Amino acid sequence: MGMDMNTKLRDFHQARWDEPIIYELSRKGERGILVPEADQVMQSHDEGLGDIPEGLHRKEPPNLPEMGQMRVLKHYLRLSQENLGADLNIDIGQGTCTMKYSPKINDQLAANPKVSELHPCQPEETAQGLLKMMYETEQYLKAISGMDRFSLHPGGGSHAIFTIASIVRAWVDSRGESDKRDEIITTIFSHPSNAAASKLKGFKIITIYPGPDGRPDIEALKAAVSERTAALFITNPEDIGIYNSRIKEFTDIVHSVGGLCSYDQANLNGILGLTRAREAGFDLCFYNLHKTFSSPHGCGGPGGGVVGVTEELAKFLPVPLVSFDEGSGRYFLDYDVPCTIGKVKDFYGVIPVILRAYAWIRSLGDEGLKEVARVALLNNNYVFKEILKIKGASAPYAEGELRMEQVRYSWEKLTKDTGVTTTDIQNRMFDFGVHYWTSHEPWIVPEPFTIEPTESYSKDELDEFLAILRHVANEAYTNPEIVKTAPHRSVIHHIDHDYLDDPKKWAITWRAYKKKYTGYFEPKERKDG
Amino acid sequence: MEKRKVVHPYIPNSVPEVQKEMMEAIGINDIEELYKCIPDELKFKGPLNLPKPLLSEWELKRHVDGMMQENASCLEYLSFLGGGCYQHYVPAICDEVNRRSEFLTAYAGEPYEDHGRFQALFEYASMMAELLEMDVVNVPTYDGSQAAATSLRMASRITKRDKVLVLGNSNPDRLRIIKNYCHPGVEVEVLPFDLETGTANMDLLKQKVDENVAAVYFENPSFFGTVEAKGQEIADLVHDAGGLLVVFVEPNSLGVLAPPSRYGADIVCGDLQSLGLHMYYGGARAGFIATPDEERFVMEYPSRLFGIAPTSHKEWGFGDVAWERTSFAKRENAKEFVGTAAALWAITAGVYLALMGPKGMEDLGKGILQRTRYARKLLSEIPGVKPVFPQTPAYREFVLNFDDTGMDVEEINQRLLEEKIFGCIDLSKRFPSLGSSGLFCVTEIHSAGDIERLAKALAKVIS
Chain A
32 MGMDMNTKLR DFHQARWDEP IIYELSRKGE RGILVPEADQ VMQSHDEGLG DIPEGLHRKE
92 PPNLPEMGQM RVLKHYLRLS QENLGADLNI DIGQGTCTMK YSPKINDQLA ANPKVSELHP
152 CQPEETAQGL LKMMYETEQY LKAISGMDRF SLHPGGGSHA IFTIASIVRA WVDSRGESDK
212 RDEIITTIFS HPSNAAASKL KGFKIITIYP GPDGRPDIEA LKAAVSERTA ALFITNPEDI
272 GIYNSRIKEF TDIVHSVGGL CSYDQANLNG ILGLTRAREA GFDLCFYNLH KTFSSPHGCG
332 GPGGGVVGVT EELAKFLPVP LVSFDEGSGR YFLDYDVPCT IGKVKDFYGV IPVILRAYAW
392 IRSLGDEGLK EVARVALLNN NYVFKEILKI KGASAPYAEG ELRMEQVRYS WEKLTKDTGV
452 TTTDIQNRMF DFGVHYWTSH EPWIVPEPFT IEPTESYSKD ELDEFLAILR HVANEAYTNP
512 EIVKTAPHRS VIHHIDHDYL DDPKKWAITW RAYKKKYTGY FEPKERKDG
Chain B
132 MEKRKVVHPY IPNSVPEVQK EMMEAIGIND IEELYKCIPD ELKFKGPLNL PKPLLSEWEL
192 KRHVDGMMQE NASCLEYLSF LGGGCYQHYV PAICDEVNRR SEFLTAYAGE PYEDHGRFQA
252 LFEYASMMAE LLEMDVVNVP TYDGSQAAAT SLRMASRITK RDKVLVLGNS NPDRLRIIKN
312 YCHPGVEVEV LPFDLETGTA NMDLLKQKVD ENVAAVYFEN PSFFGTVEAK GQEIADLVHD
372 AGGLLVVFVE PNSLGVLAPP SRYGADIVCG DLQSLGLHMY YGGARAGFIA TPDEERFVME
432 YPSRLFGIAP TSHKEWGFGD VAWERTSFAK RENAKEFVGT AAALWAITAG VYLALMGPKG
492 MEDLGKGILQ RTRYARKLLS EIPGVKPVFP QTPAYREFVL NFDDTGMDVE EINQRLLEEK
552 IFGCIDLSKR FPSLGSSGLF CVTEIHSAGD IERLAKALAK VIS
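Which chain is which? The protein sequence lines are A and B, in order. Position 497 (the first sequence) corresponds to 528 in this note's numbering; numbering is contiguous. Position 115 (the second sequence) corresponds to 246 in this note's numbering; numbering is contiguous.
To be clear, the hints were calculated from the coordinates, so they are not data collected in a lab. Note that the coordinates shown come from a computational prediction; the quantities given were computed from them, not determined experimentally. Some hints could be false.
Said to hold, decoys possible - Residues from chain A that face chain B, not an exhaustive set, calculated with beta carbons under 8 Å:
1) Met36
2) Leu80
3) Tyr107
4) Asp138
5) Gly399
6) Pro427
7) Glu430
8) Ile475
9) Ser489
Even glycine gets a Cβ: it sits at the ideal position worked out from N, Cα and C.
I would like the entire structure built from these sequences, with the hints used as guidance.
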């Protein structure tokens with residue numbers, strides 16, 4: 032019999048292959064693949080390494096594993112089974128990251144050799160299809176944001192933030208204000224890279240905290256701005272899922288002192304097509320193509336972060352842009368960007384990710400995109416109402432208000448009542464085959480967790496996730512030990528974190544492990560001198 | 132006629148009855164109530180200016196495939212293009228693994244339910260570490276250029292110096308990325324290369340390296356394909372001045388060439404594209420950074436680093452090493468920043484190295500060296516064509532000069548295109564000191580026949 036449809040709890044156990052480290056599978060002489068040999072005529076020109084000087088020859092072959100092809104395949108397939116992707120999961124526990132369905136057709140479209148086997152320096156006339164796709168994607172992004180020009184280059188959201196910080200830096204420098212405008216304001220519930228990447232570009236960081244309703248404190252912003260303000264880097268809705276209705280006042284305040292405003296829309300899912308960066312007064316914004324625009328997350332990339340700017344700032348974008356020449360009817364790589372920051376990434380962007388986003392937008396159109404946002408809001412508020420009924424759970428800030436596409440919840444009461452923490456709950460959720468994340472640091476919300484249902488999951492699946500969460504919270508009150516000692520039915524058991532922070536103990540590669548340990552973590556005797 | 136609502140396959144809860152049920156549970160009558168917090172003047176009311184949706188999968192496929200039909204790929208044309216992106220063979224197993232749902236659609240799971248990706252990435256780092264003979268390798272960053280830029284920032288923090296010297300025979304686009312990334316805070320000075328050899332100018336380096344220099348950076352092979360044999364000399368020079376040596380290396384050369392750690396490199400970086408990634412018009416990249424296992428290096432990485440750890444049940448466990456360095460933990464007080472970058476490509480590169488093994492990497496490197504020499508010699512025999520840096524050994528790429536043909540490179544490439552050949556990267560604008568020159572590339576996918584076809588076409592074009 033399958034799962035009990037009444038309790039909606041599965042008798043789950045994740046695949047557990049007890050798979051060795053790949054080096055333990057090596058057998059001398061085995062081969063995984065053969066390399067095409069140079070034809071005889073080329074070999075006759077050559078003795079060994081030919082003109083490579085002796086000193087540059089590799090003396091010992093690299094210590095790589097030696098394995099037959101099927102063994103390599105099997106090893107990686109087993110590891111893949113020991114990994115819970117979104118396709119197998121009700122992946123709403125990783126709030127802020129928009130773990131929506133990545134349509135398989137889009138993977139197929141991106142795998143076309145007419146895409147994958149193109150060289151970036153081949154003549155533009157032989158890449159018109161791809162250039163057109165990039166050009167059109169930019170037009171769609173312009174429609175969605177109201178901005179005037181986009182760069183498709185950055186490889187992820189943090190990279191997009193870095194690109195924006197570079198543009199702000201170039202803008203400040205171009206006005207001769209390098210020493211004067213040296214502050215960037217952000218909020219504590221904006222992604223940490225807003226602060227970190229801005230710092231890297233030489234700015235001082237001012238962080239605004241929320242007021243009692245969870246929204247960034249507008250009085251704190253007023254106090255923070257001055258002629259030193261280079262820019263505001265802000266997310267909306269922020270990680271806690273509350274929309275800042277006064278966002279236009281925020282941008283007006285920053286503009287009044289001559290600063291720029293950058294909108295972190297890595298996750299646009301709750302407002303897609305409903306409200307735009309342009310009308311909210313922003314000069315720059317960015318979207319993650321692997322969040323809102325459905326490209327798969329790939330265990331942490333490749334992703335895509337596209338940066339939109341107003342006409343005034345377009346001259347700073349990285350080169351090249353993709354433009355269209357009316358005369359010849361051709362698309363081309365456009366290097367005519369007068370004050371360009373130069374480059375932030377090799378070539379022109381993460382093409383397979385851009386193509387998936389293009390296909391996703393084309394498959395939904397205007398009404399479909401708006402339905403994405405509307406259903407993301409519906410799903411989230413349905414889950415919100417249900418989670419608030421769970422004993423020990425709460426959603427700090429803005430009591431009585433509904434939320435946007437996600438909510439940051441707290442187990443503060445549950446932890447106080449039972450001693451079970453959000454990390455314990457996390458480890459127990461794995462036992463039921465779902466992923467669960469806590470939150471970005473710092474934990475302003477105590478014992479936090481962040482749920483983002485997106486538009487991808489049916490009501491039944493949301494109910495299943497809720498049943499698991501309810502069950503685990505109930506266990507915290509009735510059988511806390513089982514929660515505290517979890518996971519029990521995941522791939523492995525409790526990890527000893529001491530081995531990850533102590534330089535004498537950590538081993539970041541097998542090579543380092545072999546130098547520090549023998550057998551199973553038995554320290555080798557150190558021979559000093 | 133009443134417009135029918137589309138129930139989209141990607142949005143199960145667009146079924147009107149389900150929506151009604153959920154709205155009741157929430158206590159609203161209309162979904163619009165859920166975004167009444169958006170002020171009216173900020174609401175976008177019109178239709179987005181987008182084309183009509185392609186609702187069926189078939190329409191979508193026909194449209195996108197049709198558009199891509201306008202491209203000519205390097206499987207249809209014979210390509211000799213390199214310059215940072217390379218046409219190597221991608222083993223079937225690489226695609227098989229990176230297209231697995233479990234890896235493709237996972238993200239930020241914990242080391243328990245996402246044990247597989249932690250182990251695969253630890254193993255990737257372990258195999259790279261052996262190839263590079265370094266003990267620490269990161270979870271990769273966006274691309275090799277990002278890795279180079281971060282390596283230089285790391286060198287600056289480690290030495291507490293704010294100037295780096297980079298050799299002018301480096302990839303010029305990479306230098307633009309480095310310059311933007313290092314500004315402000317780290318001054319980047321580009322040193323002209325030796326015009327005779329296409330390698331480091333030692334006299335100049337000796338003048339320039341002093342106690343203000345955090346690092347010297349060079350690429351091996353260089354942008355021109357020239358192999359730098361003076362690595363140890365450069366290392367000694369910069370070490371004597373208290374600085375570090377940063378080398379950007381092509382990992383697929385290391386089955387035959389000595390890794391930079393053998394000639395004194397302190398930080399080694401590069402790109403993984405050549406290890407099992409398709410070219411994707413330059414869109415599949417991942418950057419690695421490798422260092423010794425010393426705290427002064429490890430604590431300066433901005434990247435994730437995955438370490439191995441014991442579990443309560445004696446399994447192999449994994450986790451983040453020194454998490455407190457990262458911007459996830461420390462926001463603006465972290466080392467640079469970190470975010471979603473290129474993990475799936477690292478898993479793929481790991482599969483590639485596991486398939487190739489030591490012998491495969493040796494065969495690959497040797498075969499590329501043989502083809503490089505053959506192609507350079509054959510093409511240089513064509514009247515009017517001169518090899519540039521003829522005395523310097525080359526790996527995979529080499530430069531030819533066409534001054535004596537009276538033709539510019541653009542014209543030669545245009546004529547080769549008529550022969551269904553993607554010829555060379557035109558260097559004449561970016562490196563005017565090389566005259567009318569082009570950069571050619573050969574890899575293990577090129578047969579002698581392919582190279583002879585290029586030679587014949589080139590002879591015809593310039594005669």
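**Request:** Double-check A:Ser489 for me: the hint is only fine if its C-beta lies closer than 8 Å to a C-beta in chain B.
**Result:** It holds, given that the least Cβ distance between A:Ser489 and chain B is near 4 Å, below 8 Å.
**Item:** Hint status (Cβ of A:Ile475 to nearest Cβ of chain B, threshold 8 Å)
**Value:** Violated, about 12 Å.
**Request:** Identify whether the interface hint at A:Tyr107 stands, where standing means a beta carbon of chain B within less than 8 Å of its own.
**Result:** Hint holds; A:Tyr107 Cβ to chain B Cβ min 5 Å, cut 8 Å.
**Asked** Taking 8 Å as the limit, does the beta-carbon of A:Gly399 come near enough to a beta-carbon in chain B?
**Response** OK, holds: A:Gly399 within 8 Å of chain B, min 6 Å.
**Asked** Does A:Leu80 pass the interface hint, meaning its C-beta sits closer than 8 Å to a C-beta of chain B?
**Response** Interface hint status for A:Leu80: holds (6 Å vs cutoff 8 Å).
**Interface hint outcome for A:Met36 [beta carbon to chain B under 8 Å]** = 17 Å, violated
**Item:** Restraint outcome when A:Glu430 is required to lie within 8 Å of chain B by C-beta distance
**Value:** 15 Å, violated
**Asked** Given A:Pro427 as an interface hint, is the shortest Cβ-Cβ distance to chain B below 8 Å?
**Response** Because about 17 Å separates A:Pro427 from the closest Cβ in chain B, which is outside the 8 Å limit, the hint is violated.
**Request:** So, A:Asp138 near chain B? Judge it on the closest CB pair being under 8 Å.
**Result:** This interface hint holds because 7 Å falls under the 8 Å limit.
Checked against the numbered hints listed earlier, the structure breaks hints 1, 6, 7 and 8; every other hint is satisfied.
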